[in-house]
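Q: Each protein sequence line maps, in turn, to chains A and B. The first sequence: position 223 = 223 (UniProt numbering), numbered continuously. The second sequence: position 385 = 385 (UniProt numbering), numbered continuously.
Derived from the structure by calculation, the hints contain no laboratory data. Among the clues, some could well be false.
Because identical chains share one entry, a pair is satisfied inside a single copy or across any pair of copies.
Straight-line distance between alpha carbons at most 16 Å, and here's what the computed EDC-like set of lysine to aspartate or glutamate pairs gives [as the list claims (entries may be wrong)]:
1) Lys38 to Glu98
2) Lys231 to Glu98
3) Lys58 to Glu40
4) Lys57 to Glu389
5) Lys186 to Asp273
6) Lys252 to Glu135
7) Lys327 to Glu407
8) Lys48 to Asp203
9) Lys104 to Asp78
Protein chains: 2
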Amino acid sequence: MAVLQIGAGGVGWVIAHKAAQNNDVFGDITLASRTVSKCEAIIASIHKRENLKDTTKKLEARAVDADDVDALVALINDVKPDLVINAGPPWVNMTIMEACYQAKVSYLDTSVAVDLCSEGQQVPQAYDWQWGYREKFEQAGITGILGAGFDPGVVSIFAAYAVKHLFDEIDTIDVMDVNAGDHGKKFATNFDPETNMLEIQGDSFYWEEGEWKQVGCHTRMMEFDFPLVGKHKVYSMAHDEVRSMQEFIPAKRIEFWMGFGDRYLNYFNCMRDIGLLSPDPITLQDGTVVEPLKVLKALLPDPTSLAPGYTGKTCIGTWVQGKKDGKQRSVFVYNNADHEVAYEDVEHQAIAYTTGVPAITAALLYFKGDWNGKGVFNMEQLDPDPFLELMPSIGLTWGVEELEPSEPVINILK
Amino acid sequence: MAVLQIGAGGVGWVIAHKAAQNNDVFGDITLASRTVSKCEAIIASIHKRENLKDTTKKLEARAVDADDVDALVALINDVKPDLVINAGPPWVNMTIMEACYQAKVSYLDTSVAVDLCSEGQQVPQAYDWQWGYREKFEQAGITGILGAGFDPGVVSIFAAYAVKHLFDEIDTIDVMDVNAGDHGKKFATNFDPETNMLEIQGDSFYWEEGEWKQVGCHTRMMEFDFPLVGKHKVYSMAHDEVRSMQEFIPAKRIEFWMGFGDRYLNYFNCMRDIGLLSPDPITLQDGTVVEPLKVLKALLPDPTSLAPGYTGKTCIGTWVQGKKDGKQRSVFVYNNADHEVAYEDVEHQAIAYTTGVPAITAALLYFKGDWNGKGVFNMEQLDPDPFLELMPSIGLTWGVEELEPSEPVINILK
Numbered sequence: 001m002a003v004l005q006i007g008a009g010g011v012g013w014v015i016a017h018k019a020a021q022n023n024d025v026f027g028d029i030t031l032a033s034r035t036v037s038k039c040e041a042i043i044a045s046i047h048k049r050e051n052l053k054d055t056t057k058k059l060e061a062r063a064v065d066a067d068d069v070d071a072l073v074a075l076i077n078d079v080k081p082d083l084v085i086n087a088g089p090p091w092v093n094m095t096i097m098e099a100c101y102q103a104k105v106s107y108l109d110t111s112v113a114v115d116l117c118s119e120g121q122q123v124p125q126a127y128d129w130q131w132g133y134r135e136k137f138e139q140a141g142i143t144g145i146l147g148a149g150f151d152p153g154v155v156s157i158f159a160a161y162a163v164k165h166l167f168d169e170i171d172t173i174d175v176m177d178v179n180a181g182d183h184g185k186k187f188a189t190n191f192d193p194e195t196n197m198l199e200i201q202g203d204s205f206y207w208e209e210g211e212w213k214q215v216g217c218h219t220r221m222m223e224f225d226f227p228l229v230g231k232h233k234v235y236s237m238a239h240d241e242v243r244s245m246q247e248f249i250p251a252k253r254i255e256f257w258m259g260f261g262d263r264y265l266n267y268f269n270c271m272r273d274i275g276l277l278s279p280d281p282i283t284l285q286d287g288t289v290v291e292p293l294k295v296l297k298a299l300l301p302d303p304t305s306l307a308p309g310y311t312g313k314t315c316i317g318t319w320v321q322g323k324k325d326g327k328q329r330s331v332f333v334y335n336n337a338d339h340e341v342a343y344e345d346v347e348h349q350a351i352a353y354t355t356g357v358p359a360i361t362a363a364l365l366y367f368k369g370d371w372n373g374k375g376v377f378n379m380e381q382l383d384p385d386p387f388l389e390l391m392p393s394i395g396l397t398w399g400v401e402e403l404e405p406s407e408p409v410i411n412i413l414k
Numbered sequence: 001m002a003v004l005q006i007g008a009g010g011v012g013w014v015i016a017h018k019a020a021q022n023n024d025v026f027g028d029i030t031l032a033s034r035t036v037s038k039c040e041a042i043i044a045s046i047h048k049r050e051n052l053k054d055t056t057k058k059l060e061a062r063a064v065d066a067d068d069v070d071a072l073v074a075l076i077n078d079v080k081p082d083l084v085i086n087a088g089p090p091w092v093n094m095t096i097m098e099a100c101y102q103a104k105v106s107y108l109d110t111s112v113a114v115d116l117c118s119e120g121q122q123v124p125q126a127y128d129w130q131w132g133y134r135e136k137f138e139q140a141g142i143t144g145i146l147g148a149g150f151d152p153g154v155v156s157i158f159a160a161y162a163v164k165h166l167f168d169e170i171d172t173i174d175v176m177d178v179n180a181g182d183h184g185k186k187f188a189t190n191f192d193p194e195t196n197m198l199e200i201q202g203d204s205f206y207w208e209e210g211e212w213k214q215v216g217c218h219t220r221m222m223e224f225d226f227p228l229v230g231k232h233k234v235y236s237m238a239h240d241e242v243r244s245m246q247e248f249i250p251a252k253r254i255e256f257w258m259g260f261g262d263r264y265l266n267y268f269n270c271m272r273d274i275g276l277l278s279p280d281p282i283t284l285q286d287g288t289v290v291e292p293l294k295v296l297k298a299l300l301p302d303p304t305s306l307a308p309g310y311t312g313k314t315c316i317g318t319w320v321q322g323k324k325d326g327k328q329r330s331v332f333v334y335n336n337a338d339h340e341v342a343y344e345d346v347e348h349q350a351i352a353y354t355t356g357v358p359a360i361t362a363a364l365l366y367f368k369g370d371w372n373g374k375g376v377f378n379m380e381q382l383d384p385d386p387f388l389e390l391m392p393s394i395g396l397t398w399g400v401e402e403l404e405p406s407e408p409v410i411n412i413l414k
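Put together the whole structure using the sequences plus the hints.
A: This is the structure in structure tokens:
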């Protein structure tokens with residue numbers, strides 16, 4: 001057995017650690033990235049934490065340009081993995097899927113191929129490109145598992161679990177994501193600042209009464225009382241799983257909500273007001289041309305540097321309301337993750353941890369034969385039971401909170 | 001008669017208009033700048049506003065590198081002015097003074113030669129370089145008038161007026177500066193963003209009980225009720241005239257206070273927290289090296305562009321407390337300037353207007369022989385009476401408000 005992981009950022013860091021902890025199943029592990037030193041740093045961390053379970057198996061670093069399909073195919077043919085795990089940025093999904101198709105090797109990723117904020121790459125079209133591979137993968141006899149992180153990912157498993165076990169009929173699905181951790185910096189992003197800031201500025205899309213609704217960022221706000229971390233303001237945002245849930249789960253409203261502290265939003269608004277969040281180039285007095293957003297990226301702390309000393313917890317879950325046995329029901333299915341626990345386990349913070357653990361859980365189900373149908377699958381299409389049974393042993397527990405059924409109080413801002 | 005003006009920014013814009021309105025006294029006017037097109041734009045505005053009083057006199061643009069003493073001397077010898085008016089940035093003061101000394105022509109400026117925030121260029125040392133020319137100017141038989149704007153400038157005239165007419169003994173001098181105008185932008189600076197942001201971040205220096213006190217920016221705050229524009233929060237800041245007042249006027253405490261709205265300070269703090277106000281170069285991912293502060297400068301509106309549509313008023317004055325005839329006395333000597341009135345007069349906003357009008361008032365006093373002693377003079381050393389008599393006719397009125405004597409309530413922040 002063997003796996004090939006492409007991508008060595010924060011999520012790749014966690015996936016590699018978790019793959020190593022389970023290499024009795026996965027066999028040889030190859031980490032590939034444009035910058036091979038990033039793979040080597042992860043391998044050093046895995047050895048330091050003694051996370052390589054079966055030390056007779058290989059753990060190797062390779063360089064690859066993930067934009068180059070031929071280079072990817074060559075690497076896959078050389079490594080001969082049973083599964084390619086894509087831990088790269090969204091824009092390499094399509095080249096890696098194409099390479100997997102050509103090399104006839106199964107594929108898994110943790111987020112959709114588009115940026116969700118550019119015209120034509122927004123929520124309604126989000127999966128058009130990847131879903132275009134459904135028949136190809138089926139004909140090739142390989143499996144594609146899409147969006148197997150936490151959100152997207154586990155939150156859809158939670159929704160599928162609710163459909164399967166808790167409800168007869170679904171009214172609303174609200175994905176709720178809050179990071180109540182503290183990295184000790186005045187302002188920092190938990191993943192690539194450029195991706196993060198573009199995502200946050202984008203319009204939100206939600207599904208309601210049979211159609212897509214598009215609204216400006218931070219214009220729909222709720223307060224939600226999260227298990228363990230308490231009340232937080234959350235704002236409607238564009239997110240992958242709104243599209244895939246809409247495809248597979250009939251509901252009157254489907255929406256994603258992200259928690260932002262007033263302090264974070266104040267920084268965000270200031271930076272946006274002065275033009276620092278723009279990707280459009282400007283010319284300085286001396287003629288130098290720069291993209292303001294790339295200047296911001298250079299100014300802010302490297303997200304990976306936040307992990308040591310990061311304290312507090314995240315809470316991400318799926319709030320489902322609907323009917324069961326003729327009665328209204330309201331349920332929050334959720335996980336709490338702890339930044340310090342994540343660091344202790346894999347030397348990274350909980351944001352990356354909550355994405356990496358589900359990816360490896362899904363990969364294990366693929367290897368075990370529970371999730372290895374031929375074709376391309378989103379998480380909503382897969383049986384939630386073996387996943388939810390396995391995930392706690394990989395590092396993330398989950399719970400179900402029964403709530404009083406109530407109409408969500410959505411505040412319209414601006 | 002002739003004047004040579006060096007510098008064609010916002011203050012230069014107003015000085016040139018005002019010189020033109022008084023060219024029956026000044027004679028031929030030459031505007032010089034590194035970028036000759038900036039001089040030509042000012043000349044076009046002067047003609048558009050019909051501000052050239054005596055149309056038989058010359059009004060010409062010249063290019064000059066104000067960092068180059070020889071080039072300045074050559075220009076002065078060519079133009080043969082009776083006075084050189086320096087309307088350039090602080091760092092050209094020394095080359096222009098040296099050129100005036102070599103060419104034996106009198107000199108006038110509106111701010112001190114240093115940045116007031118770098119080590120060794122702060123308030124206690126502020127005038128060391130320019131005061132080094134006192135004997136040279138005296139021996140050369142020429143006049144140097146330093147800091148003849150509003151603050152520095154008129155506020156020292158107000159203090160000298162208080163000493164001469166209103167007090168027997170001075171306890172405290174607080175220079176109060178608030179711009180209660182509205183330029184309609186979310187965030188913008190009223191003069192060069194780079195200079196402005198460096199100045200605002202610098203430590204404040206004030207004189208108290210015989211010694212200099214140094215404190216962090218925005219750590220001393222007062223609320224002050226300004227004539228016409230009402231109550232504003234003002235913060236202790238380093239400023240030129242604190243040094244010159246300390247040199248010439250005995251007082252227990254001398255301090256400069258600038259009004260900042262909570263909204264302005266919020267932007268300022270955000271930008272500082274993320275590192276955008278730093279002049280230290282950073283390297284972007286693609287290897288481009290930029291100074292964050294220069295990126296900010298390119299992002300923010302050109303201060304000159306703010307003038308059309310700028311509404312509201314400024315209030316700048318000198319709050320003096322002390323004794324008169326054995327009794328405590330408290331007096332605020334001040335001006336209110338109106339952005340729209342300034343624009344109507346010279347097509348610029350009131351911040352530049354309040355600096356340019358005093359410079360021309362002082363220049364007129366030099367030409368009239370009221371202020372033409374040989375040597376280098378700060379405003380505190382000159383007779384305030386002819387200045388205060390003349391200034392209203394040039395564009396700025398002034399008033400005296402008798403206050404209830406009281407200990408200023410200074411809030412220590414952070």
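Q: Does each hint fit the structure? Answer for all of them.
A: To see whether the hints hold, each was checked on the structure:
no.	hint	in the structure
1	Lys38 to Glu98	neither (24 Å within a copy, 57 Å between copies)
2	Lys231 to Glu98	neither (44 Å within a copy, 66 Å between copies)
3	Lys58 to Glu40	within (13 Å within a copy, 73 Å between copies)
4	Lys57 to Glu389	neither (27 Å within a copy, 93 Å between copies)
5	Lys186 to Asp273	between (19 Å within a copy, 7 Å between copies)
6	Lys252 to Glu135	neither (30 Å within a copy, 86 Å between copies)
7	Lys327 to Glu407	within (15 Å within a copy, 70 Å between copies)
8	Lys48 to Asp203	neither (43 Å within a copy, 46 Å between copies)
9	Lys104 to Asp78	within (13 Å within a copy, 82 Å between copies)
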